[in-house]
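S.K.: Residue numbers (numbering that gives the first Met the number 0), protein chains in the order written: chain A, 0 to 174; chain B, 0 to 174.
These are calculated hints, taken from the structure and not from any lab test. We put the beta carbon where it would ideally sit given N, CA and C, even for glycine. Take the hints with a grain of salt, since some may be wrong.
As the list claims (entries may be wrong) - Chain A is faced by these chain B residues, among others (derived, beta-carbon under 7 Å):
no., residue
1, F25
2, D34
3, V40
4, I41
5, L45
6, A71
7, Q111
8, S155
9, E168
10, P170
11, A171
12, Y174
Claimed, not checked - Pair by pair, the computed Cβ-Cβ distance ranges are:
no., chain 1, residue 1, chain 2, residue 2, range
13, A, E23, B, K167, 39 to 47 Å
14, A, L45, B, E101, 37 to 45 Å
15, B, K116, A, P156, 25 to 33 Å
16, B, L164, A, D158, 51 to 59 Å
17, A, A119, B, D34, 29 to 37 Å
18, A, L164, B, D142, 52 to 60 Å
19, B, D99, A, S140, 39 to 47 Å
20, B, R130, A, S15, 44 to 52 Å
21, B, K167, A, T152, 32 to 40 Å
Number of protein chains: 2
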Amino acid sequence: MKKIYIISGPAGVGKSTTSKRLAELFEQSAYIEGDLINHMVIGGYLPPWESEESLLLVWENIADLSINFVQANKNVIIDYVAFPEEVEKLVQKIHAKVSDVEVIYVVLWVDQDELLKRDALRNKEHQMGERCLELVKEFESKDVKERFVLNTTHLSPTDLDEILLNIKENPAFIY
Amino acid sequence: MKKIYIISGPAGVGKSTTSKRLAELFEQSAYIEGDLINHMVIGGYLPPWESEESLLLVWENIADLSINFVQANKNVIIDYVAFPEEVEKLVQKIHAKVSDVEVIYVVLWVDQDELLKRDALRNKEHQMGERCLELVKEFESKDVKERFVLNTTHLSPTDLDEILLNIKENPAFIY
């Protein structure tokens, strides 16, 4: 059975690195970077956190790409800020088209102090400063079930293999 | 009525530059880069010029994204090597879902000597050398209708505005 991994969490927790490495672990896989889908819009671009329409369009596109990839026998890794209600809608859309697929939902998490510390280590132009914390608060307000949260505060980059194994094998993350 | 522009042609003729600038001319637009869609596949990646399955998957994804963008009221610019039979299939798929849309097909063209000259001016790592000519031959073998071909051999980068106007206004390119 093919799997769709939704790798979510606030900015700066390591979604991209984790997602790319996860995609490389499968013989058949596709990696969908939500930010990249979002930035296909050029004329009239509105950021999805300011426009409900933009947000819906990104998820519509992610859903259709995921369906095509699963139908082509690929595991799918989605790297994007995904709140529980968005995951629920995505799963419904996917199951309407493909039945034989398992969805895995992981919210990567890093405690605030560590998040700011990691942010300060980035190149100046990539630093987000206090803005990091806005998404943290938004996730906290959304009541994400604890079993979907993967806290990596006390793990270092060398522990990535352990994180990947956890995502792949831990049934708690199955949606 | 929304429009879908398919900007095709061999490697090195300026598809990306032209497509991006074209997308910027519209109040509402989306830019679909075929290469980027293609490289979403990670595990089991096969280049579309070696695998019919890969090629079909790229076009399936381009079609669904185009439909979503048009339904969200955006003009769409597709930047990819598109031969006549692929355009025909794409148009059929799109018209099955959206009726009120016009497709524009442009095959950018540069004569061989000029193509090799431009290729030699690129950074070493982007130079394609004789491989440029493989796609030229493939296009020549596909009998592209002359009205879809836009030869830019004698135009310089400063003529880009003229090229864009031609693509936007010339009814010969309407599929």
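S.K.: Please name the hints from earlier in the document that this structure breaks, with their numbers sorted from lowest to highest.
M.R.: Going through the list in order, the structure violates hints 2, 5, 7, 8, 9, 10, 11, 12, 14, 15, 20 and 21 and respects the others.
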